[in-house]
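J.: In the order they appear, the protein sequences are chains S and B. Using the working numbering, the letters of the first sequence correspond one by one to residues 1 to 404. Using the working numbering, the letters of the second sequence correspond one by one to residues 1001 to 1301.
Treat the hints with care, since some could be wrong.
Said to hold, decoys possible - Derived BS3-like pairs (lysine-lysine); straight-line CA-CA distance at most 25 Å:
#1 S:Lys245 with B:Lys1168
#2 B:Lys1168 with B:Lys1179
#3 S:Lys245 with B:Lys1005
#4 B:Lys1179 with S:Lys292
#5 B:Lys1119 with S:Lys292
#6 S:Lys351 with B:Lys1002
#7 B:Lys1210 with S:Lys240
By construction, these hints were calculated from the structure, which means they are not laboratory data.
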Amino acid sequence: MAHFEKAKDLHDWMNQRLAVDTLKRVLQTEYWIPKNINFLWAMGMVLAATFGILLISGIFLLMYYQPNTQLAFDSVNYTIMSEVGYGWLWRHIHGVGASVVFLIIYIHMFTGIYYGSYKKGRELIWLSGMLLFVAFSAEAFSGYMLPWGQMSYWAGMVITNLFSGGSLHADALVEWIRGDYVPGQAFLGRFFMLHVLLIPLAIIGLIVLHFGTLRIPHVNNQDGEEFDFDEAAELYKAGKVKESKVIPFSPVFLSKDVFVMGIYFIFFFYLVFYHFEFAMDPVNFDPADGLKTPTHIYPEWYFLWSYEILRPFSTNVGLIAFAIAQVIFFTLPFLDRSPNVAPASRRGLFKYWFWALLIDMIILTFMGKLPPQGIWSTVGLVAALTFMGLWIALPFITAKEKKL
Amino acid sequence: MKELKIFGIVVVFTLVLYWGVEPFAHSEMHKHVEYQNLKYNDLKPVAVKGDAAKGEALAAACVGCHSIEAKNMPAPMDALMSAQTYGVNPPDLSLAGALLDEKFFIHFLLNPAEVTKSKHFAMPPSAGSEQDAADIVAYFKSIEPKEVSPKASFAFACGRCHADRYDKWTQLGDVPKTKSNIKTGVDLDAIAFTSKLGQYQNKLADYMGKLPPDLSIIIRARSEHFLKTFIEDPQSQLPGTAMPRIGLNNEGMEKVMAYLEKTGDPSKPKREALGPWVLLFFFIFTILAYLWKKSMWKGHH
């Protein structure tokens, strides 16, 4: 056992037992962030804050929610919305948060793609981030089941049906997942557990991993510049803050994060109070009814692009395309053959690739919600093929890229 | 400012995305039906003037099926027996003058099935001439109360076919307050009510083709615009629906919508009260955060 001395004060007492000074230095005051960044570098902390909001609002909702097919709908729409003090506020925060968190995730992802922040030693940052994307998707989907409205029920039906694998007819697998022939009590109970325990645990673990992967390669900067962090840190500690290329995470980087968060929270709470309909689909305010299929079944907006990759093809081809779309972003660090870490604007053809991918995914998102009829089917098909084509082209156009 | 330019790009893409998945997608998914302001233009204007005194005599025939509680005239049968006889319980007529459009009401008395656009409407034509109909309507207008509550309006216009469980409303009226036996926990009165309600609902489902939906949170499941155009003319939104056109006037529509909003979206006034304070808090938070950021970054550039 280590040797302990009588502590001078509480700080000293804590320091001897928990090394709080060292922790503070390592995690905050001497955790170095490049100075050459813009507000997009705050999205990580904005995401962490949004996850915190979802967690806290979720805890309040969990106190009153009933994971029972007979009670779930009214426990959400009546008990929480009108009997629990401020229950409506927690629910709107949770619903809007679940939607907005994906907007920020996509901004965070496309920032990484634009600035090449997944390359040369930063592969694990990207991969752990993609695992977080998958975990958040599973969390969003399982949460969407819980109010047990029409869209919960039918989205659950459609998505679990995907596991039958088209011509493979793996119906036994679908039944195994549902615990029944159709979504019912077993299904709701399972997704409830996943939503409130297993997936949040995985997300928390993955967030720790994601932070960990940043430590050695360091955060990228606006120019993709590679420099000696130790040297820059020494300069900063010597008081030459203007000349140094780095800033400490706390308080300098954090002060900007908090300012960006302030602006974000104005936007967030404007949505919570005045514009929440986009995040709470009207169809889900009809109770689940296995005998009445809604006219239009569509996922929430953040899944629409991959849904549209599934839809325009025949069953088997669609499922394969869909499966590829789910994992293709994981391969980005390996399909990008260029050695350059630089913003897309300086990377020749990659610049066009970036904007084409972004616009194509927005078009896929639009088409994913529209009824698959007439011109929309054709546009959806072309956009889905373009998506595939872009990923096939990526290794070729990046291999040709000139070294900067 | 490069940073503002980047922010602008993020905002533009976000707004385009929003436009595509919300306003644009919904305009493509749902057919657009224009609200006609309850003009009932398919019915021709009524030239004759009604006489309330003559109408009172003619209205004596109404209580053969209906009640007029405002005049202490009970219905000949209770709700369940009425449903067993006609398929649905006929409404109490105390509020008919207050909530129904006058022109609609007159045409309705002459030919209920055609005017409600409901093929098997239970009520037979009930006025011999346009003058008689106008007299009856004038009578019901003469007995209309000064103030009609949203709930009474809902009960009259919707509440014999639709329940509203979040307001403990059933097709047979409010769920009665009953007590269970303290020794056994059995509540025979509640069981009896449930049984009676079940029988009523079965009859109603036979009459309408299905049990009409509970309207507790219909205000959030459908837009206000959908509900108003649907109530104005059900066939315009759902061709072939069994729901009759009920001919509300502006006051009736306003009261029914107020009731639906109260039971389906009770947090609306609370949201409106709290929202500005929360936003004000974050405005001040953001200003302070900006000042903190400025002082922290001093000398860094």
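J.: Under the criterion that the straight-line Cα-Cα distance not exceed 25 Å, is the pair lysine 1210 (chain B), lysine 240 (chain S) satisfied?
T.: Roughly 79 Å separates the two Cα atoms, so the pair is violated.
J.: Given the hinted pair lysine 1179 (chain B) and lysine 292 (chain S), is their alpha-carbon gap at most 25 Å?
T.: With a Cα-Cα distance of about 37 Å, the restraint between lysine 1179 (chain B) and lysine 292 (chain S) is violated, given a limit of 25 Å.
J.: Lysine 1168 (chain B) and lysine 1179 (chain B) were given as a pair; does the straight-line alpha-carbon distance stay at or below 25 Å?
T.: 16 Å, holds
J.: For the pair supplied as a hint, lysine 245 (chain S) and lysine 1168 (chain B), is the alpha-carbon distance within the 25 Å limit?
T.: 66 Å, violated
J.: Given the hinted pair lysine 245 (chain S) and lysine 1005 (chain B), is their alpha-carbon gap at most 25 Å?
T.: Measuring from Cα to Cα gives roughly 23 Å; hence the hint holds.
J.: What's the verdict on lysine 351 (chain S) and lysine 1002 (chain B), does the C-alpha distance respect the 25 Å limit or exceed it?
T.: 18 Å, holds
J.: Decide if the proposed pair is consistent with the structure: lysine 1119 (chain B) and lysine 292 (chain S), CA atoms, cutoff 25 Å inclusive.
T.: 24 Å, holds
The structure fails to meet hints 1, 4 and 7 from the earlier list, while all remaining hints are met.
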